[in-house]
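Chain by chain, the residues:
There are 2 protein chains.
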Amino acid sequence: MKIVIIGYGSAGMTAAGYARVFNRKAEIIAFEKRSYATYHPCSLPDAIGGVLPMESLVEEAPKLPRFKLYTSTVVEEVDRSAKVVRARNLKTGEKIETEYDKLILTTGSVPFVPRAIKVENSESVYTLKTVEDAVAIRKDAEKYRRAVVVGGSFIGIEVAHALRKIGVDVTLVEYFPYLMPGKLDPELAKTVKEALEKEGIKVILGKGVSLVSGPAGDKRVVAGDEEIKTGLVVMATGVRPEVTLAKQTGLEIGERGGIKVDDNLRTSDPDIYAAGDNVEVKDIVTGKPILSLLGSTAVRMGRIAGINAAGGNLTFKGVVNVWVVNIEHLQFGAVGLTLEMAKKYGLDAVAVTISAPQKLSIYPEASELTVRLTVDRETGRLLGGQVMGKSGILCRLDVLAVAILKSMTIEDLAELELAYTPSLCDVIDPLHVAADAALRRISRK
Amino acid sequence: MKIVIIGYGSAGMTAAGYARVFNRKAEIIAFEKRSYATYHPCSLPDAIGGVLPMESLVEEAPKLPRFKLYTSTVVEEVDRSAKVVRARNLKTGEKIETEYDKLILTTGSVPFVPRAIKVENSESVYTLKTVEDAVAIRKDAEKYRRAVVVGGSFIGIEVAHALRKIGVDVTLVEYFPYLMPGKLDPELAKTVKEALEKEGIKVILGKGVSLVSGPAGDKRVVAGDEEIKTGLVVMATGVRPEVTLAKQTGLEIGERGGIKVDDNLRTSDPDIYAAGDNVEVKDIVTGKPILSLLGSTAVRMGRIAGINAAGGNLTFKGVVNVWVVNIEHLQFGAVGLTLEMAKKYGLDAVAVTISAPQKLSIYPEASELTVRLTVDRETGRLLGGQVMGKSGILCRLDVLAVAILKSMTIEDLAELELAYTPSLCDVIDPLHVAADAALRRISRK
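Chain order of the listed sequences is A and B. Quick note on numbering: the first sequence equals residues 1 to 445 in my numbering. Quick note on numbering: the second sequence equals residues 1 to 445 in my numbering.
Please keep in mind that the hints were generated in silico from the structure rather than gathered at the bench. Among the hints, a few may not be true.
So the derived label-pair ranges between C-beta atoms look like this [what the hints assert, rightly or not]: (1) G206/B - D262/A: 54 to 60 Å; (2) G224/B - S443/A: 57 to 63 Å; (3) E59/A - K317/B: 42 to 48 Å; (4) R115/B - P364/A: 37 to 43 Å; (5) L90/B - P186/A: 54 to 60 Å.
Chain A residues, not near chain B, derived (Cβ > 12 Å throughout) [said to hold, decoys possible]: (6) A82; (7) K143; (8) E187.
Stretch by stretch, here's where chain B covers chain A in the computed footprint (C-beta under 8 Å, at least three residues) [stated by the list, open to error]: (9) 42-54; (10) 289-299; (11) 307-320; (12) 329-343; (13) 411-418; (14) 424-433.
As the structure is a prediction and not an experimental result, all values here were calculated from the model. Backbone N, C-alpha and C fix where the C-beta goes; we use that ideal spot for every residue, glycine too.
For reference, chain A alone in the conformation it holds in the complex (with noise of 0.2 Å):
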């Protein structure tokens, strides 16, 4: 038996690898474009920021038998009648042609820039995808001490705290009038404004970015009615799913643009799986098909891809999309639908935001987090949690994550069972505080 993964991002290696111990005969080959093996893509805005050196974000490819890894190499055609990959080496054009009995696709996405952005010159102009694209940022901004990052979600957010924290003049613009919009709520997203201010960036939010002129070091940025002098520009607009191949290939797309799978993870073509960034998954609050665009679920579907396709019968339920971002001294995070995209989804939603001590308050550096519930009104099932704080969040969003998965009420949450220290906790955490208030703020209606 013979597998091909195409893509070896964070599906495409969680896919061989655990495709490698389900299935110890099958012959594993997996083409990358890249001309290195793996790299640490989350942690790219730390890197820019020193947290990390450079060169620790890329490393070898596990050493897995029976497996081989063509980087530098771009898969250029399926031909689905012969079961037939053929790629080309970028660097010495060498043709590969190889069969397979089930393929992966794992392509993940590319950064995306509205049209509505006119790009005059592109120089000093980035997105950020690769460990070529740290590079060149932080270079840049070395040089120049000045940058513009458009967006004002989680990769935005990240570089200008990364850029700021090596002393760069950082002005944040954003097209909705909040930051993470629909991913976190005006209220929090505020807060994260804030901290964002306080470390000395400039935030601009409700203005679009009409024109990026000017030559590297002396950029031009039109952001509604106001104009920009900077060094670098970062474009963090967004991504969308790679399926450039999955079309050619006639795999069926999907409403949002990713490739259409089914609970298996197998596409139109029952010989041919996808998992990561280029795939739609489902909502598990909604029910509704999304793209999840988190390195967490395209592990968790490279894990059930890669297991499948070697012979596995696992099934992926979809996403609560948990995701977490820490700046040091706010981290900040959701999972499910908060009170504006319940809203969206026509759902009778109501929201409570409350504020509690992460641990026993009479302990050293006791700190308070803020929760925000998500609820349906009619049947008090858990829709959504927005978590904030200067640390201890992950813990909550982990719970909250787990609660909404499996359907809990909040009067399931405000009687959850959790570990209980005190310099660790408090007996009542932030969540049964938020739920009870939630349930107070029900009852009352």
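Assemble chain B onto chain A, guided by the hints.
Using the frame of chain A, we list chain B on its own:
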């Protein structure tokens, strides 16, 4: 409506607070035999160890409308036919008699010293339950500089660590051949022993203390074939439900020695609720009654008993018994059943232990977590988890607590969606690694 609460510890205080919010009209009265209203029992070791000032342990009772707390007052009789409680002020001798509509028994637990330990001279022999105990232990420790702690479970370990922290020469004696018997499996308990020894604590295992003699400061402890000279002795040999009043009142006592209650936390008298250490609860994993004896359980029960006594109708589903201990350089905890306990219950269980990085290993301060899972061999259902490491264990214990509560399998855990950002965690969490190891272990059989 009048609600009377007997005992104002974790369960009683919580019951009062929730009853107050749930029913704003009810009159609420609480009796507490201590002279102070509220304190933090779980923080007593930290106060002995100087992490907290002793004064911070005692707090004022929260001011609630239509709520009266009698301190230094012991309830001597509950007359169920007249629905009257008779109490006496321990300082003034004044008798207090009050009617009730609903009564809540939150009398907690009392320290217990096995009969096999003969205490010939009780000078400077302590249990640790109250602030007075902590003050006395600390004072003697500073004076005599040598202590023997009898009992190697939660409190014994925390007290030994605290005394060592203030420079005391500490010997910890445990009757069983390893620490945390029934709470951790031997291989993890060994790590706890080594951590304590690294602090300079002498740990004696597998030896029962038979005799404690000698005056304060010059005490003799006989443990098996060893005789230890010491200054003071702390008996951390466990606690028992305080059910004296419940028995006098004729309430049904369960097979484990705690008050028997139904799912609404009603005792055999429908007008009397009970919550906290004095009550037997259902172990969610085995379905059998156990004594939980955790502060977190007391608070959860207090909430439900308080709300139900005030007219609500909540169900207490039982406990998975998640606990955590923090001795600063090591944190450890568990939930559900150890392998040893699973076998005692006659379950066909297997266990796997793994160590994996708590966060992406290229980051500074990345450390390893050890996770041990107990799994039902036939169904793959998660029966228990033990977690140990320098930091970050709370998160995993809480996730396991919810997972076990919701009857998740190791496949559910292996593919569980958790928050990911590389500076805080790894995309394949130690819980995932452990679940995968358990899956491989079971499939081999």
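To see whether the hints hold, each was checked on the structure:
1. G206/B - D262/A: 54 to 60 Å: holds (57 Å)
2. G224/B - S443/A: 57 to 63 Å: 59 Å Cβ-Cβ, so the 57 to 63 Å window holds.
3. E59/A - K317/B: 42 to 48 Å: holds (45 Å)
4. R115/B - P364/A: 37 to 43 Å: holds (42 Å)
5. L90/B - P186/A: 54 to 60 Å: holds (55 Å)
6. A82: holds (34 Å)
7. K143: Holds: least Cβ distance 26 Å, greater than 12 Å.
8. E187: holds (21 Å)
9. 42-54: holds (count 5)
10. 289-299: Since 5 is at least three, the answer is holds.
11. 307-320: holds (count 5)
12. 329-343: holds (count 3)
13. 411-418: holds (count 6)
14. 424-433: holds (count 4)
The structure agrees with every numbered hint stated previously.
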